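Residue numbers 753 to 947, in this note's numbering, belong to the letters of the sequence shown in order.
Be a bit skeptical, because a hint or two may be false.
Listed next, the in silico DSS-like pairs over lysine-lysine satisfying Cα-Cα at most 25 angstroms (straight line) [said to hold, decoys possible]:
no., residue 1, residue 2
1, K813, K845
2, K845, K880
3, K780, K845
4, K867, K845
5, K780, K813
6, K880, K780
For each label pair, taking beta carbons as the anchor points, the in silico distance ranges come out as [to be verified]:
no., residue 1, residue 2, range
7, G916, H771, 24 to 32 angstroms
8, D790, Q850, 29 to 37 angstroms
9, G823, H771, 15 to 23 angstroms
10, K945, H868, 43 to 51 angstroms
11, Q769, S798, 46 to 54 angstroms
These aren't lab readings, by the way, just hints derived from the structure by calculation.
Here the structure is a predicted model, which is why all the values come from computation and not from measurement.
We put the beta carbon where it would ideally sit given N, CA and C, even for glycine.
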Amino acid sequence: PTPANALRMHPQPGQGQLHFANRAQAHKAASSIPTKWDFVPPRSDSTMPHNLPSQTAYVHKLVAAIHNTSGAINKGLGPHQQKGSGLSIGGAKYTPMQIEARCWQLVFKTEQLHKHGPRIFQIYDESKMSLIHKSRMLTFGQRIGHMCDALAVSKARCEMVLKGESLETFIGTAMTTVSQAEKMKKTNDERWKAI
753 PTPANALRMH PQPGQGQLHF ANRAQAHKAA SSIPTKWDFV PPRSDSTMPH NLPSQTAYVH
813 KLVAAIHNTS GAINKGLGPH QQKGSGLSIG GAKYTPMQIE ARCWQLVFKT EQLHKHGPRI
873 FQIYDESKMS LIHKSRMLTF GQRIGHMCDA LAVSKARCEM VLKGESLETF IGTAMTTVSQ
933 AEKMKKTNDE RWKAI
């Protein structure tokens, strides 16, 4: 159907009937709609955090990865500097509490993925879901490891994560993000040598 016909077939808010009575109903329905990209992460996963100390260990790893600049690829992004115990990336300043809070959120969302599968994220982009599906065999620890690698290598990714952009996509596609970042690092290193 044309865009105009699609609007008539599926009225927009204020133009007619909605599909759900409230957010909770919409969330429940969207989380239960099966897709071809559904999967259940490995069940016998000894790396899944089962208590506060194990969650805390993963948060420490993520915080350290955000602060790690030793292998960063984004030389042209702008200053990525430690400011006391805070951090400055591309002009934005993040406090230690903000960085840690975001890392706790990443651990929580990663746990949700490993408990409920990718439909919990409600990502409707087929290409993103396809990439997330490729990571279906990762254990929790492996996924966090890929996230740490991506954060250590790509300061642009750190900036996106700290801004709260596309967190679910980052968690689901961390394995792919790392390989893309490594290719970009190689390309950037070659460019910097040529300059």
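To see whether the hints hold, each was checked on the structure:
For the hint pairing K813 with K845, the CA-to-CA distance comes to about 20 angstroms; that is within 25 angstroms, so the pair holds. Of the pairs offered as hints, the one joining K845 and K880 is violated, with about 29 angstroms between alpha carbons and a cut-off of 25 angstroms exceeded. At roughly 37 angstroms between alpha-carbon atoms, K780 and K845 are farther apart than 25 angstroms, so this suggested pair is violated. A hinted pair counts as satisfied when its Cα atoms are at most 25 angstroms apart, and K867 with K845 does not qualify at roughly 34 angstroms.
At roughly 32 angstroms between alpha-carbon atoms, K780 and K813 are farther apart than 25 angstroms, so this suggested pair is violated. A C-alpha spacing of about 21 angstroms is found between K880 and K780, which places the hinted pair at or below 25 angstroms, so the restraint holds. One distance hint, 24 to 32 angstroms for the beta-carbon pair G916 and H771, holds here, with the actual separation near 27 angstroms. Evaluation of the 29 to 37 angstroms hint for D790 and Q850 yields a pass: the beta carbon distance comes to about 33 angstroms.
Checked against the hint of 15 to 23 angstroms, the C-beta distance between G823 and H771 comes to roughly 47 angstroms, which is inconsistent with it. Taken as a hint, the range 43 to 51 angstroms holds for the pair K945 and H868, whose Cβ atoms sit roughly 46 angstroms apart. With their beta carbons about 49 angstroms apart, Q769 and S798 fall inside the hinted range of 46 to 54 angstroms.
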